[in-house]
Amino acid sequence: MALGWYLAVSVLIFCIGAGGVLVRRNPLVILLCLELMLNAANLALVTFARMHGGEAGQIFALIVMVVAACEVTVGLGLLVAISRRNLPIDVDELHELNG
Amino acid sequence: MSPTTWGWLVLLFPLLGTIAIGLGFRTYSRAAGMIGTAAIGLAFVCAVGALISLLDRSGAHREVTSSLWNYDVSSGVDAGLQILVDPVSVFMMLVVTGVSTLIHLYSTAYMRSDEGYSRYFAYLNYFVLSMLILVLGGNFVMLIIGWAFVGAASYMLISFWYRRTTATGAGIKAFVINVLGDVGLVLGTFFIFRHTHTVSFLGSFAAAPHVFHTDSTDLVAGCLLFLVGAFAKSAQVPLHTWLPDAMEGPTPVSSLIHAATMVTAGVYLIVRLHPLFQIAPTAGEVGAIIGCLTLLIAGTIALVVTDIKRVIAYSTMSQIGYMIMGASAGAYSAALFHLMTHAFFKALLFMAAGSIIGAMAGSQSLDRMSGFRKAMPFTFACFVVGGLALSGIPPFSGWVSKDDIIAYLNNRGGIYEVLGILGYIGALLTGLYTFRMIFRAFFGDPSPEAVELEHGHIAHAEVPTNPANGEVEDVEVGFPGPEHAIAEREPAMKIAMGLLAVLAVIGGLAQLPGVDHVITGFLGSSLADAPLASAAHEPTTTSAWVGLIIGAIIGLVGITAAYTIYVGRVGSAARFQAALPWLHRFLVNKWYFDEAIDLLIVRPTLAIGRFTEAVLERIVVFGGVTGGVTGVVRSGSAAVRRAQTGLLRYYAAAVILGLSAVVLYFLISST
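Residue numbers (our numbering), protein chains in the order written: chain A, 1 to 99; chain B, 1 to 671.
Here chain B stands alone, though its shape is the one from the complex (with noise of 0.2 angstroms):
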């Protein structure tokens, strides 16, 4: 079969599998998790077929579009339901659907005792199908409709616990600023448009260079819209300020959609749209310098976090910044390495944490957390495999990756190479939150919770509350389940740890410097065309490995103050506190970024919407037009009123004398 059959097939398993758990439901309540985990495991099957049939073919046809029907194709656009299939969005299919496969297999066993347990596996299918479309899209038009089914897909499963006030508040959050990012991609299509006269990507990169010469005005507008667009939905600096909230979710859903796959696809866009940002280097600039500030930013805040969930949500967001970064500066098959080895290893340190997080009957404060490793062996072994991998700890995945960013960073020269040095700062912080988690979660003495799972059962609240604020929950719809599910009992979640832990391991293997280059080839037909993914601007093996080098030991050096802080010299973490208040005061509140969007964009739009209220519709709108209007017709009805008697003589008097007048005239006017 054709690439393109095949991509067709891997976008109707999971449209298929959300119609019957959606309409189903009812019917098929606990076989609603068998039939998702089967529908994307069936587009996983579907996506290898697709990278088989691509690589039968040699480098210049590995790019197929195929279009079932045109939603328009009068004046100029060419908007038809069409797919793409390249080495890049076939890399995009395999990483999704995989890593989607063995979180529904997880989701099964977690969510087991969930009121909404088929309605949760029909949103995962339905975010599935929404990640698919955007990564298949072979034109602008297919991948806004992704990239705002994915929001609502997002919004839908961060409020999945619809009792939850924080949950509802933290959906809005998400679904507000990602709306903010589609409408800059939308803006964005528009410009290019305008001068490409096609929608089409192949269109669009074919005429770009004739039609935009280098850092043209609105060329560069076009590419920071598409940024403001990757930023919302990647969860950069200034809108990254969802993703912390969005940890409100299922932790599967945080696995899935706010580690592995849907966050970075800003990543993915920025890749996609390579043509464009080559001849808009102020564009990539932009986004490289926001990617580094991002990856440190969310690094200091991650160390003083205290819920689990939310420091691994700060490292994602830094991780995506090394790939926002790397993607900006040319480094387009290095961002989809550290992509591809990211979501593996993220999506294990979620499932960890959710293990941990069923342990302690719900509660994710890492205040309370001590003492898992002999209660969790499993748990403790994944926890620490996804944490070497995130440090960049040699051999795992995440070391080769990230420097694999930094090398080429370093090797273009003038600014980036002072980003990449950054990279290295926020290297040496990674090590320290991941490790801090790490040493809090699992060593010290035993909590109460590890305790008594150490006696064989699992803690459960006599009353069960909100985690993030401590409301009674309302038990019957909207709330997590009375039961709790830890890897250790569940093999359904040992299965996806196990496999995801192996390659989180071993993933790094498909491109060593001067090894192999697995990645790099594959994805090599799709990048020729871009002068920044020559083999001028590579790292050469022997700088690769340098890098890599210092990578590692600025990883160890990271564990190591981690160690020392947390186990080494216990109370070292509160001394630093007492000593910088201020410090852990700012980093404690965000850096004040919820506090500012507040104050310069919330408030003076509230102000803006109070005064208009007050103003224009109460005043303009409901006094001048509607209450004018009203008034005109109600006195003239009024007076017309009096005519209406009642009495019948009248009339015919009226109709009489109006008569004899018609007649008159005639008459007079006829002599």
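Looking at chain A on its own, in the form it has when it is part of the complex (with noise of 0.2 angstroms):
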């Protein structure tokens, strides 16, 4: 069946985002990687409304485009105030939030 080649393809993108997520260390990659796996999940979604012909699917992909943007917008939000008090731009250094 041919939408199994979509799927393949957003199961690559995922993993190369979650790969990204674990791996990078520099929140704005992190960020990258984030919407690389939200827009995998996006193709999924597609692809299996395509595939059993509804449109829930569909709207689901924009719904998910909606909230890939606020998370971007908080994300970088973020980043800007991470920078703009010199504090050190590496997820790793950030950890004075511990038990």
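Zero decoy hints are in this set.
Derived coverage of chain A by chain B (criterion: at least 3 residues anywhere in the stretch with Cβ under 8 angstroms from a Cβ of chain B; other residues may be distant): (1) 12-22; (2) 88-97.
Pairwise CB distance ranges (calculated): (3) A/H52 with B/Y665: 23 to 29 angstroms; (4) A/L76 with B/F622: 50 to 56 angstroms; (5) B/V632 with A/E96: 27 to 33 angstroms; (6) A/E96 with B/Y665: 32 to 38 angstroms; (7) B/I172 with A/E96: 57 to 63 angstroms; (8) B/E613 with A/E96: 41 to 47 angstroms; (9) A/V80 with B/V632: 42 to 48 angstroms; (10) A/L28 with B/F622: 51 to 57 angstroms; (11) A/L32 with B/V662: 24 to 30 angstroms; (12) B/V620 with A/V29: 57 to 63 angstroms.
Since the hints were made in silico from the structure, they are not lab data. All residues carry an ideal CB built from backbone N, CA and C; glycine is no exception.
Relying on the hints, combine the two individually framed chains into one complex.
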């Protein structure tokens, strides 16, 4: 079935994103990797919507985009705040909030 | 108006007085006395109204109840705000409001220079309200409410001069012992309620003969618990130790609460519950024996006490012993009659004592008083009238009423005859200690204070001190005030004492055997259902008169003995004391009741308290219960806290690993 390839691409992108989140230390890159994961999820949603012939999955994809836009706004805002305070641009250095 | 309407009005005026004085004390500090007196005076007028409207009814219809609302009617309880107007409660209402009005009047002069003048009248009105709730209550719940209220009022008034450590201590003591009595009353009510299934008096009394057989266990237990309440409130052995200490309060308070009204509540309780005591003769015997013991013990202690107010306090205990003895034996109308005459002459004695204390600049010691006869003729006359009535000398009121009780006891026979004869010994003691007090305070060489008063001014202490322990008084608050009041100079005190003196003289004429029977006739319809109050148990006119003559002779013997000891042969008291030092020590220490209670109850309780504090609280509760719980929570959270590294990528890894695990689980389980 042709739709299987779309899912394979989606899984590939998701894994690249997840791997990026886990191995990179620059918060900007982590945000980019998060976007990759979200878009992989969107691709899977649209694929399944196509597979079942319904609209629900496509609408979910739109909502995920809205959420992703919000998330990027907040994330970039944090990033700007970090750099304004001359804090290190490195998530491993920013670990004061521990138990 | 119906009797119950008058009854509600009797309660309303003291309530309004309390609220008005209590809330507005800053606005009209000096008018508080007038407001308080007027409120109680109006209550007295309404009590007379209740009497008149009750007399319009025939004997069988003289028990009227009225209920404003119900507190609780579920599961068989029928507790309402209910009053019962019958001859007994109207009689008590008249005595309480009448004597209270006079004492309020007396207080307006006596307490004039006190800083807490309006606080005093707010308390005093509150006390009268509580006492009226007690005597008017139509069910056990109202009785218990009134019972507890008078205890609270008594506490506030004993500790009125709250900067005196002795006064606050005495207030706490009185309150604790009275609460013991409250507990007895509540538990006794449960014993009765369990069987009669109603808390109303009339309902319980109607049901009692059907649900209890004579001397059945629960009934006797209930009645004995009621007696505990009565003993605590009426200062009977062994719960009497608070009353002498209660003399720390202002003298008018002693006069009102600790002589005329509140302490007689125990007698009222027995008379009110007489349908129950009728079928529990064992409880009646216990009450009569305790009453008799009290009258003898108190009489002997009064022989050696040197504080004038305490002598009168012990004499109050002794006279209430007579009433409790009479009421327990079945002489209900005689006990209430003695309650009334006692209220007159004992309030009078306290007022006269207050007047002397004023002239002594606050000192209460008989050792320092002497020769006031010329300086204070009016006080002297009142004191003698009160003393003669107390000793039972004809034709004064105490003569008729006390011997009424003893004649009934002798007529009933058996153990009661022994108690009656002991009552005569008590009468001898009464004459002796009363006139010891009079001869020591008024006869002999005038003391410096008396000499000063003869020259026209009242003695004042340079530095006011607490008469009980000599501590210097705090003159800003909680202090009797710099000006002393004596009856000779204060018309208000003179009127109150004069009226009471007249009543103390003629009060007994209400019930001379064979001549008239106002009290028995009026109370008769309330007591009609009591076999012990029937004509078969009442002494005949002849035997009553024989008793009266014996009583008069015994009283005169007591007075003569006092005259010989304290006036005729001065110094014989000291010789007695030297001859029998152990007896004197025993009596001065009040039969060691305080020490015995301390040893048997206070110390063991404290020891148990210390033990539980050291073992239960520190080791079990702090160490085991709270320590264990906090330890578990603390070590658990220490373990979990390690997972919170603060490293973002660990968290991400944890989320991804977790999700992967879930996905894998579902994949494996779905195939």
